[in-house]
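Engineer: Here is what each chain is made of, one letter per residue.
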Amino acid sequence: MRPEDRELVAQLCAARAGLRVDPEKSYLIESRLAPVARREGFGSIPDLLTALRTKREDRLAWAIVEAMTQSETAFFRDRAPFSLFREEVLPTLARVRDGEPIRIWSAACGSGQEVYSLAMVVEDERAEMPGIKVELFGSDLCERQLEKAQSGLYTQFEVQRGLPIRQLVRHFEKVDDMWALSPRVRQMVRWRRINLVADLSTAGRFDVIFCRYVLCDLVEPMKARLLENLARALSPEGFLFLGEGETATGFEDAFQPVAGRPGLFARNPAFRVAA
Amino acid sequence: MKTCLVVDDSRVIRKVARRILEDIGFEIAEAADGMEALAWCRAAMPDAVLLDWNMPQMTGIDFLRHLRLEPGGKAPVVVFCTVENDLARIREALDCGADEYIMKPFDGDIIAAKFAEVGLV
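These protein sequence lines are chains A and B, in that order. Note that the first sequence covers residues 33 to 307 in the working numbering. Note that the second sequence covers residues 365 to 485 in the working numbering.
For reference, chain B alone in the conformation it holds in the complex:
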């Protein structure tokens, strides 16, 4: 079973995303910010990361920059999931190595479609 790390400082969002992703066949791990997410990745690299942008400790974009420099850190498919919806922000995320980008609010169809787009389902 593929694993997806859900990184968001909102417990509600993590719960919603977990339900959606479990329904399309993922095993889920959760992290509340970039630091925690990085610790998770060092312990066990996931197949996918669903990543919020604005979080305490370490933001999503900082986490992504770190992740891509880690051993094995180029492998996970990273899908941003954030309220940030300016083109400049989206370009920045893609330049840092994000694979897809979801603008909140999202629903199950959007997550499923985006994950299909990057070949995860």
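Isolated chain A, as found in the complex:
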């Protein structure tokens, strides 16, 4: 790939999704775009980019951006946030909501491991919290990732990254060489394609938002846009989970770090997002 081709991809990702792509990382860009070129019927990545330049086709542009957003994930990634969710956040919200639905959003859910981990926790805790109602939402920018997430099918390698064996036994069936999540857990989650740096005013209100390892991948000006969107979407009693090392810089008024709980932020009920 020529440097100007890589530069074009980086610009496209920053403009459409706020995504920071290092144009020097030719291997990463090529490995992500090769399948797109193949799928769209182009002989090579340069052919794909030539078509993008000449036709300015929206669908093609998004296919490229979406391919670049895909990142690695795992069930119960980092473990600690899920213990916090199970032991503190969920019981607190169950009391606050008192039978009203608790709405939980996995923003940038990728292939679904994060939101399904939350669903399994809810399922496992149900007996402890009679009458609890939970609505789970998974969103991602990448249509293909959402399709994979919705299928609930994972490889043996994927179910061994972070998923405790008792959870596998309780919630999965083996289907040929794959592991299929039980329909009961799958049906707990609703899916939507969402661009986190677009206008999110219609996305709804949530009591818990998991938005981990998105901020760290954004270009600087879009970080504030994302945090503003999250502040708008989080209910006054809500909690936000960010990834390890991510902070709500510039939005300390909206999100208060919970002491001794790295990555967990409580919504300041007094904070109002400017209209």
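It should be emphasised that the hints constitute simulated quantities derived from the structure, not laboratory data. Every residue gets a Cβ at the ideal spot worked out from N, C-alpha and C, and that includes glycine. Check each hint, because a few of them may be wrong.
As the list claims (entries may be wrong) - When the alpha-carbon atoms are kept at most 27 Å apart in a straight line, the in silico BS3-like pairs for lysine-lysine are as follows:
no.: 1; chain 1: A; residue 1: K87; chain 2: A; residue 2: K57
no.: 2; chain 1: B; residue 1: K366; chain 2: B; residue 2: K438
no.: 3; chain 1: B; residue 1: K468; chain 2: B; residue 2: K366
no.: 4; chain 1: A; residue 1: K206; chain 2: B; residue 2: K468
no.: 5; chain 1: B; residue 1: K468; chain 2: A; residue 2: K180
no.: 6; chain 1: B; residue 1: K468; chain 2: B; residue 2: K438
As the list claims (entries may be wrong) - If you want the footprint, here are the derived chain B segments under chain A, 3+ residues with CB under 8 Å:
no.: 7; stretch: 446-459
no.: 8; stretch: 464-476
What the hints assert, rightly or not - Pulled a few chain A residues facing chain B out of the computed Cβ check, cut under 10 Å:
no.: 9; residue: F108
no.: 10; residue: F189
no.: 11; residue: V191
no.: 12; residue: Q192
no.: 13; residue: R193
no.: 14; residue: G194
no.: 15; residue: I197
no.: 16; residue: L200
no.: 17; residue: V201
no.: 18; residue: F204
no.: 19; residue: E205
Chain A is already provided as a structure; the job is to place chain B on it using the hints.
Structural biologist: Using the frame of chain A, we list chain B on its own:
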């Protein structure tokens, strides 16, 4: 330093597992089947056992049943590591007192994650 007994009839697998576990801070002992493993445990109970299923002399599951009846035999954390990947087999292992379960093929990330899951690292 915590000790882990690696039980597998394949010398190659034992070697691979040894390297991975030494990197995450374990002292390693090796046994080629369940009988040998049981002898090891009677001499010095390890903190953890990484256990293959199908082996000559005594299988992993038979070893586990014996181990849990030995004095002090409830203490070691036992992690199966086997090609057996049917749910019925996994349930059987858990019912016999296994703590975690790895389906081969494995890599360093899987072993580290599973050992973290049961509080060994």
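Engineer: Run every hint past the structure and note whether it holds.
Structural biologist: Verification of the hints:
1. Only pairs whose Cα atoms come within 27 Å are accepted, and K87/A paired with K57/A is accepted, the gap being roughly 26 Å.
2. For the hint pairing K366/B with K438/B, the CA-to-CA distance comes to about 16 Å; that is within 27 Å, so the pair holds.
3. Simply put, K468/B and K366/B have alpha-carbon atoms about 24 Å apart, close enough for the 27 Å limit, and the pair holds.
4. Between the alpha carbons of K206/A and K468/B the distance comes to roughly 15 Å, so the proposed pair stays at or under 27 Å and holds.
5. Taking the CA atoms of K468/B and K180/A, the gap is near 24 Å; set against the 27 Å cutoff, the hint holds.
6. Simply put, K468/B and K438/B have alpha-carbon atoms about 25 Å apart, close enough for the 27 Å limit, and the pair holds.
7. Here the stretch 446-459 of chain B counts 6 residues with a CB under 8 Å from a CB of chain A, which clears the bar of 3, and the coverage holds.
8. Coverage of the stretch 464-476 of chain B by chain A holds. Counting CB-CB distances below 8 Å, 7 residues qualify, and the rule asks for three or more.
9. Taking 10 Å as the C-beta cut-off, the interface hint given for F108/A holds, the closest approach to chain B being about 9 Å.
10. For F189/A, the interface hint holds, the least distance from its beta-carbon to any beta-carbon of chain B being 8 Å, beneath 10 Å.
11. The beta carbon of V191/A is positioned within 10 Å of a beta carbon in chain B (closest approach about 9 Å), and the interface hint is therefore held.
12. The interface hint given for Q192/A is met, as the beta carbon of that residue sits about 5 Å from the closest beta carbon of chain B, less than 10 Å.
13. Hint on R193/A holds. Least Cβ distance to chain B is approximately 6 Å, under the 10 Å limit.
14. For G194/A, the interface hint holds, since its Cβ comes within 10 Å of a Cβ in chain B; the closest pair sits about 6 Å apart.
15. Satisfaction of the interface hint for I197/A is found here, the shortest Cβ-Cβ separation to chain B being roughly 4 Å, below the 10 Å cut-off.
16. Proximity of L200/A to chain B holds as hinted, the smallest CB-CB distance being about 7 Å (cut-off 10 Å).
17. For V201/A, the suggested interface contact is upheld, since its CB lies about 6 Å from the closest CB of chain B, less than 10 Å.
18. A least Cβ separation of about 8 Å between F204/A and chain B falls short of the 10 Å threshold, and the interface hint therefore holds.
19. The restraint placing E205/A at the interface with chain B holds, with a minimum CB-CB distance near 7 Å, inside the 10 Å limit.
Going down the numbered hints, you'll see the structure goes against none, and every one checks out.
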